[in-house]
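Novice: Chains A and B, in that order, give the protein sequences.
When the letters of the first sequence are read in order and numbered with the UniProt record's numbering, they come out as residues 1 to 196.
When the letters of the second sequence are read in order and numbered with the UniProt record's numbering, they come out as residues 1 to 196.
One or more of the hints may lead you astray.
Same chains, same label: a pair holds when it works inside one copy or across any pair of copies.
Said to hold, decoys possible - Lysine to aspartate or glutamate pairs mimicking DMTMM-like chemistry, simulated, CA-CA at most 25 Å apart: (1) LYS57 / ASP180; (2) LYS138 / ASP6; (3) LYS129 / GLU181; (4) LYS129 / ASP84; (5) LYS47 / GLU78; (6) LYS138 / ASP180; (7) LYS90 / GLU24; (8) LYS33 / ASP84; (9) LYS57 / ASP189; (10) LYS57 / GLU28; (11) LYS47 / GLU12; (12) LYS33 / ASP63; (13) LYS57 / ASP156; (14) LYS90 / GLU181; (15) LYS90 / ASP189; (16) LYS33 / ASP189; (17) LYS129 / ASP189; (18) LYS90 / ASP121; (19) LYS33 / ASP121; (20) LYS57 / GLU12.
If you're looking for bench data, these hints aren't it; they were derived computationally from the structure.
Computed from a predicted model, the values in this text were never measured in an experiment.
Number of protein chains: 2
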Amino acid sequence: MARTPDSTRRSERSRSAILTATRELVGETAYAKLTIEAIAARAGVGKQTIYRWWPSKGAVVFDALLAPSASPEDGLIELPDTGDIAADLKTVLRATVAEFADPAFSAPIRAVLTEVINDPDLAALYREKLNAPIHAAKVRRLASAQLAGQLRADADLDLMVDLLYGPITQRWLPGAGPLDEAFADALVDTVLRAFT
Amino acid sequence: MARTPDSTRRSERSRSAILTATRELVGETAYAKLTIEAIAARAGVGKQTIYRWWPSKGAVVFDALLAPSASPEDGLIELPDTGDIAADLKTVLRATVAEFADPAFSAPIRAVLTEVINDPDLAALYREKLNAPIHAAKVRRLASAQLAGQLRADADLDLMVDLLYGPITQRWLPGAGPLDEAFADALVDTVLRAFT
Chain A
1 MARTPDSTRR
11 SERSRSAILT
21 ATRELVGETA
31 YAKLTIEAIA
41 ARAGVGKQTI
51 YRWWPSKGAV
61 VFDALLAPSA
71 SPEDGLIELP
81 DTGDIAADLK
91 TVLRATVAEF
101 ADPAFSAPIR
111 AVLTEVINDP
121 DLAALYREKL
131 NAPIHAAKVR
141 RLASAQLAGQ
151 LRADADLDLM
161 VDLLYGPITQ
171 RWLPGAGPLD
181 EAFADALVDT
191 VLRAFT
Chain B
1 MARTPDSTRR
11 SERSRSAILT
21 ATRELVGETA
31 YAKLTIEAIA
41 ARAGVGKQTI
51 YRWWPSKGAV
61 VFDALLAPSA
71 SPEDGLIELP
81 DTGDIAADLK
91 TVLRATVAEF
101 ADPAFSAPIR
111 AVLTEVINDP
121 DLAALYREKL
131 NAPIHAAKVR
141 RLASAQLAGQ
151 LRADADLDLM
161 VDLLYGPITQ
171 RWLPGAGPLD
181 EAFADALVDT
191 VLRAFT
């Protein structure tokens, strides 16, 4: 069947309604209880319409949650660069810690990580679309500090990024230990001590 | 109905068969595809026998995977203490990294983390039974090094543990970056530099 402009428009509307419904439901529902049926009902489409585009719940969740950060209009992700690496890292890590401490913000992270842990294909997509570009942005900010002589010339910047962010994941995953500004600041000061 | 010695023995046999079947299946099956039906079939019991003791797949997986480490016969968990903190941490972190790099070993970790991410009750159980005692054992080894003057007197040992282990989780979760001995050694050397 040839696609008319009208049917293309209808398709785009359905697709967009499905992605919006998914984003809303991820914030409202325990992830294990989120179903394709619930997404279809909220979007006002049939289940088959969802399965036409996505093979699984994980796949539609991924598109819904990762599409915004992957949009080309956003351009290259960049960390703040005021010239003061300690201050800039504290700004970024305080914000990150606050987001992880906020259940509304962390619901989509839980959803995405559940799929990443259990689906190698979605894990590969996550690495490519989200993990790699964000990691690269962090390394760029550290490289700029290194060039300015604020970090050791032989600093392993990939390791430094993992040292800055790993402890946040480590505390957040099991809900162990405080996620507050004091933690963010101590993390930055301690990691900088190792690399200066 | 009064329980006779025979029915108690039968119950214990069923329980043990269910836990063994669960441990085996976690290593063989993608976690999302693991079902109560499959556990029941492997254990040779009915589904209702499982639901008599556990309310969900997550609950039986937790008992199956956490019971061994929680058994009192194991006594207190201890890290090696040869008196050389750098060497001991490298021993432990090389082993940890190797385990995370091994799909057979990391299947149960994936299963447990999936539940921890999505079920606050199981997360609390995980913190109490596994996370807290293991974290405390790591802190004890660091405290012994601190007493020996190998770490700064004002070192935040909780933070130091998270700096040593967080980057491993950070790389392992999305499958990003190498998990090898060079990584373990660099992690130890870098974190020690921050705390000495």
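Novice: Indicate which option fits the pair LYS90, ASP189 if close means a Cα-Cα distance not exceeding 25 Å: within, between, both or neither.
Specialist: This pair counts as both: shortest intra-copy Cα distance 9 Å, inter-copy 24 Å.
Novice: Since the copies are identical, ignore which copy is meant and state whether LYS90 and ASP121 lie within 25 Å (CA to CA) inside a copy, between copies, both or neither.
Specialist: neither (34 Å within a copy, 32 Å between copies)
Novice: Checking an output row: LYS33 and ASP84, CA cutoff 25 Å. Within, between, both or neither?
Specialist: neither (45 Å within a copy, 49 Å between copies)
Novice: Under a CA distance limit of 25 Å, which applies to LYS33 and ASP121: within one copy, between copies, both, or neither?
Specialist: Classified as both; 22 Å inside a copy, 15 Å across copies.
Novice: My question is about LYS90 and GLU181: at a cut-off of 25 Å on alpha-carbon distance, are they close within one copy, between copies, both, or neither?
Specialist: within (8 Å within a copy, 30 Å between copies)
Novice: Quick one: LYS129 to ASP84, C-alpha cut-off 25 Å, is that within a copy, between copies, both, or neither?
Specialist: Neither, since 29 Å and 42 Å both go past 25 Å.
Novice: With 25 Å as the alpha-carbon cut-off, assign the pair LYS57 and ASP189 to within, between, both or neither.
Specialist: Neither: 41 Å inside a chain and 42 Å across chains, both beyond 25 Å.
Novice: Checking an output row: LYS57 and GLU12, CA cutoff 25 Å. Within, between, both or neither?
Specialist: within (19 Å within a copy, 38 Å between copies)
Novice: Since the copies are identical, ignore which copy is meant and state whether LYS57 and ASP156 lie within 25 Å (CA to CA) inside a copy, between copies, both or neither.
Specialist: Close neither inside one copy (38 Å) nor across copies (42 Å); limit 25 Å.
Novice: With 25 Å as the alpha-carbon cut-off, assign the pair LYS90 and GLU24 to within, between, both or neither.
Specialist: neither (31 Å within a copy, 45 Å between copies)
Novice: Give the relationship of LYS138 and ASP6 under a CA distance limit of 25 Å: within one copy only, between copies only, both, or neither.
Specialist: neither (44 Å within a copy, 63 Å between copies)
Novice: At 25 Å max between alpha carbons, let me know whether LYS129 reaches GLU181 within a copy, between copies, both or neither.
Specialist: Classified as neither; 29 Å inside a copy, 28 Å across copies.
In summary, the structure is inconsistent with hints 1, 2, 3, 4, 5, 7, 8, 9, 13, 16, 17, 18 from the numbered list given earlier, while agreeing with the others.
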